[in-house]
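These are the residues of each chain, in order.
Number of protein chains: 2
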Amino acid sequence: MQIICNKSDLLNSINIALRAVSTKTTLPILECVVIDATNGMIKLISNDQELGIETIVKGTIVEPGAIAIEAKLFADIIRKFPDSDVTFTSDENFMTLIQCEKSKFNLMGRSHEDFPMLPKVEMNQSIKISDYSLKEVIRQTIFSVSDNESNKIMTGELFEISGDTFKVVSLDGHRISIRKIQLHDSYDNIRVIVPGKTLNEIAKILSGEMDKIVNIYFTDKHILFSFDDTTVLSRLIEGEYYKIEQMLSANYETKVTVNNKELLNCIDRASLMIKDVDKNPIILNFENENLELKTNSTVGSMKEDLDIIKSGKDILIGFNPKFLMDALRVIDDETVDIYLFNPKAPCFIKDKDETYIYLILPINFNVA
Amino acid sequence: MQIICNKSDLLNSINIALRAVSTKTTLPILECVVIDATNGMIKLISNDQELGIETIVKGTIVEPGAIAIEAKLFADIIRKFPDSDVTFTSDENFMTLIQCEKSKFNLMGRSHEDFPMLPKVEMNQSIKISDYSLKEVIRQTIFSVSDNESNKIMTGELFEISGDTFKVVSLDGHRISIRKIQLHDSYDNIRVIVPGKTLNEIAKILSGEMDKIVNIYFTDKHILFSFDDTTVLSRLIEGEYYKIEQMLSANYETKVTVNNKELLNCIDRASLMIKDVDKNPIILNFENENLELKTNSTVGSMKEDLDIIKSGKDILIGFNPKFLMDALRVIDDETVDIYLFNPKAPCFIKDKDETYIYLILPINFNVA
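Heads up: the sequence lines are chains A and X, in that order.
So in my numbering, spot 82 of the first sequence is number 82, and the numbers just go up one at a time.
So in my numbering, spot 129 of the second sequence is number 129, and the numbers just go up one at a time.
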């Protein structure tokens, strides 16, 4: 085969394909990317057997063919080339010549037939969402996905479509993050669990542009994202997701409105004093129009006051500062509403329309 | 004691002082910075027993005194404060209150008397050099300092002043880097070995501004850098530096002129193919008006041609690509001159006036 591509086009595509290349694997073929120029276009294909990516590169096919080549090395070579045309040639023995201006690399490729090709999936059920919204909703929920593989379902996010509402949920046993997005069109109900790893990689590939559309296709076992010249295919996590509705109580004894940025910075400072969060959580004392935030550890102690608007009872409650910060950081509103029940019940940070709900469990502490 | 400083002034000074704070030490007091407000000004002092820093912070002394406080935690607290005045108060039991707007931190300090104060040094012999030149000359030589502590002298750089010439030399057994700077004034002869670690830290503190002056003071055992409101004191390395003059031969069989950037990029690409540099060095074949650069390993092979201007014999010679790149990267000239003798003798990259000389030993290889 022989193809000619522009260096920067090729580099963009390889960088996308690299997201599904295995780095720790006992199967060397999974460290490869397939360059497939058999069907009138040039495709890069990668597959770590959880996630698969196909992306089309602009270029000229001089002689059709396909080959597998070590992905990271290939990417490094292209990256270091001058900004010019790259000619890629391989023969029937998989000897590969990559040439740019006066620079010539010879590498040993492998047969693309040894590479696990992506399964063909039925593209029946699908939704459309903007690139921006998808990238945002992942950022706003991915932090509370569990990384504990012993509970597989917690390592994924629930994608739930009903009518024109797209709901995304993640939880890790200490907190729940929920985001709702209004879609342009209405769809049949869908409820699947998407691996957190897939969403992390997708978020890195998405450009975040408002006016670009991503098509998401669903099958029993797979989810497929299609945008620009790229297709990302992932397995779904099998099983039933948690029934979160019963954890979301509308009751509260205390409602507090506070400046988001001020609260975030204050908790960030307080977290400097915390060595062991279970022994020394951050303590929030909501009293009248004042929030006193304090923490106490072997390192030292910290105290800070914030102005709040409060309705309902005073309350003293302890939290892991990281969990509060993770939620506050992804809320764009200038002020946030916090709903509290008692020092042992979860707090809710949510807006009026419940486009976001962040539930966080408190930590018990000894009143000093 | 009580002092009041602006947050950003305080942060700048702590960031400087942090450069001489021990991170791995069995003496907890060395993880501290001393805040000394006993002599009408506010000084931050740090000392890891190799390197010592004193820097003055602008601010108001409400009540004189001194205290030692954990440096990293102190810096983190100041960094996370809003941009406002910081009030620092400590009592006779070393209880310390750090306050900024509504935020209050309580930390346990330590007696400044437990801290190893910097030795007083005689400030007799000194030179003046611009901040820019000092920062540059360190960058242009520091990479060939050895990190092998078993040969202490190689871990330092030679600072040699004779008349108005300031010469800096580093070597690691495989290469020598030499830079010469013309000073504004003339001085008595000085020849000392400065620890590479000291120079790395100094380079990070220096601003690199052309019109700022650094005073360097020399004693038998110490070197002291004085600039802005900061003083950096370091031990010297004891012993005799290598006599490098006898390694610098003016004889050559081949002189080559080549575009610096092109050569650098070409070697950078070639280095992708190298797994074990002693078995597979980069091979340079200087032939007529052409340099063929090639390398060959289990990964694959690479070949590239460059235009050169050559006088003298053709030559085939192997190198560690990193050593060539380290030197080429810090040369600002558009073209460089390379002087070669034979495939077993070092090459020299130097300019006509010898303001820089980079000597690099070749690597033997089997001609394939």
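Hints were generated in silico from the structure; no laboratory data involved.
One or more hints might be untrue.
Within a straight-line C-alpha distance of at most 20 angstroms, the following computed SDA-like cross-link-like pairs (lysine to any residue) qualify [said to hold, decoys possible]: (1) K303/X x K322/A; (2) K294/A x Q99/X; (3) K24/A x V299/X; (4) K303/A x G173/X; (5) K102/X x E101/A; (6) K303/A x M325/X; (7) K102/X x D305/A; (8) K322/A x P343/A; (9) K104/X x L158/A; (10) K294/X x M108/A; (11) K104/X x D305/A; (12) K350/A x L158/A; (13) K104/X x A75/X; (14) K104/A x E101/X; (15) K80/X x L158/A; (16) K102/X x K24/A; (17) K294/A x D76/X; (18) K275/A x M325/X; (19) K344/X x A75/X; (20) K303/X x D351/A; (21) K104/X x K350/A; (22) K104/X x N124/A; (23) K80/A x M325/X; (24) K279/A x N106/X; (25) K102/A x D91/X; (26) K261/A x N106/X; (27) K80/A x N296/X; (28) K303/X x P82/A; (29) K255/A x D351/A; (30) K261/A x D76/X; (31) K80/X x E101/A.
Now for the hints, and whether the structure bears them out:
{"no.": "1", "hint": "K303/X x K322/A", "result": "52 angstroms, violated"}
{"no.": "2", "hint": "K294/A x Q99/X", "result": "14 angstroms, holds"}
{"no.": "3", "hint": "K24/A x V299/X", "result": "18 angstroms, holds"}
{"no.": "4", "hint": "K303/A x G173/X", "result": "56 angstroms, violated"}
{"no.": "5", "hint": "K102/X x E101/A", "result": "63 angstroms, violated"}
{"no.": "6", "hint": "K303/A x M325/X", "result": "53 angstroms, violated"}
{"no.": "7", "hint": "K102/X x D305/A", "result": "6 angstroms, holds"}
{"no.": "8", "hint": "K322/A x P343/A", "result": "18 angstroms, holds"}
{"no.": "9", "hint": "K104/X x L158/A", "result": "42 angstroms, violated"}
{"no.": "10", "hint": "K294/X x M108/A", "result": "17 angstroms, holds"}
{"no.": "11", "hint": "K104/X x D305/A", "result": "9 angstroms, holds"}
{"no.": "12", "hint": "K350/A x L158/A", "result": "19 angstroms, holds"}
{"no.": "13", "hint": "K104/X x A75/X", "result": "15 angstroms, holds"}
{"no.": "14", "hint": "K104/A x E101/X", "result": "63 angstroms, violated"}
{"no.": "15", "hint": "K80/X x L158/A", "result": "36 angstroms, violated"}
{"no.": "16", "hint": "K102/X x K24/A", "result": "49 angstroms, violated"}
{"no.": "17", "hint": "K294/A x D76/X", "result": "17 angstroms, holds"}
{"no.": "18", "hint": "K275/A x M325/X", "result": "44 angstroms, violated"}
{"no.": "19", "hint": "K344/X x A75/X", "result": "52 angstroms, violated"}
{"no.": "20", "hint": "K303/X x D351/A", "result": "62 angstroms, violated"}
{"no.": "21", "hint": "K104/X x K350/A", "result": "29 angstroms, violated"}
{"no.": "22", "hint": "K104/X x N124/A", "result": "59 angstroms, violated"}
{"no.": "23", "hint": "K80/A x M325/X", "result": "14 angstroms, holds"}
{"no.": "24", "hint": "K279/A x N106/X", "result": "18 angstroms, holds"}
{"no.": "25", "hint": "K102/A x D91/X", "result": "71 angstroms, violated"}
{"no.": "26", "hint": "K261/A x N106/X", "result": "23 angstroms, violated"}
{"no.": "27", "hint": "K80/A x N296/X", "result": "18 angstroms, holds"}
{"no.": "28", "hint": "K303/X x P82/A", "result": "15 angstroms, holds"}
{"no.": "29", "hint": "K255/A x D351/A", "result": "12 angstroms, holds"}
{"no.": "30", "hint": "K261/A x D76/X", "result": "19 angstroms, holds"}
{"no.": "31", "hint": "K80/X x E101/A", "result": "50 angstroms, violated"}
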